[in-house]
Amino acid sequence: MNISLMRNILRAGSLVFGGSSLFLLALPGTFLGLLNLDKSDALSWSMRMIGITVFALAGNMWNNANQSSEHRVSNVAKIMCVSAAGLGVLTLMAPAHLGWFSYLYAAIGFGFSLAYLVALLKK
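Read left to right, the sequence shown gives residues 1 to 123 (full-length UniProt numbering).
Derived by calculation from the structure, the hints in this document are not laboratory data.
A couple of the hints might just be wrong.
[Claimed, not checked] Straight-line distance between alpha carbons at most 25 angstroms, and here's what the computed SDA-like set of lysine to any residue pairs gives: (1) K39 with Y103; (2) K39 with P95; (3) K78 with I50; (4) K39 with M49; (5) K78 with L90; (6) K78 with L120; (7) K78 with L117; (8) K39 with I108; (9) K78 with S4; (10) K123 with V76.
Quick caveat, the model's predicted, so the values are computed rather than measured.
Modelling step: build the complete structure from the supplied sequences, incorporating the hints.
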């Protein structure tokens, strides 16, 4: 396992998730539109709820990247490897026409999942 690489991926992921959370909080309708989903008040509220949760996740990722315990860092990387892959899969399962943003968002999730996997397997 390459702990240094895991720490860097966690920090980078934290910045990406942090930006995504601010986007969800500030412009949920735009986000929904980019995913070709309905822009109802209920879905906009849901996006804001997800946004604040992702903000907390981003903060936890940043803090965990700075953990002194290598075991804990690797555990967080394992969780994020699965979660990032899940983000990619769920994005592609959206009940809407998949457009460029859907594919980009899924690719970001799969990219981070692959990066975590490489760091976990690398000697």
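Each hint tested on the structure:
no.	hint	verdict
1	K39 with Y103	holds (19 angstroms)
2	K39 with P95	holds (13 angstroms)
3	K78 with I50	holds (22 angstroms)
4	K39 with M49	holds (15 angstroms)
5	K78 with L90	holds (18 angstroms)
6	K78 with L120	holds (8 angstroms)
7	K78 with L117	holds (8 angstroms)
8	K39 with I108	holds (23 angstroms)
9	K78 with S4	holds (14 angstroms)
10	K123 with V76	holds (18 angstroms)
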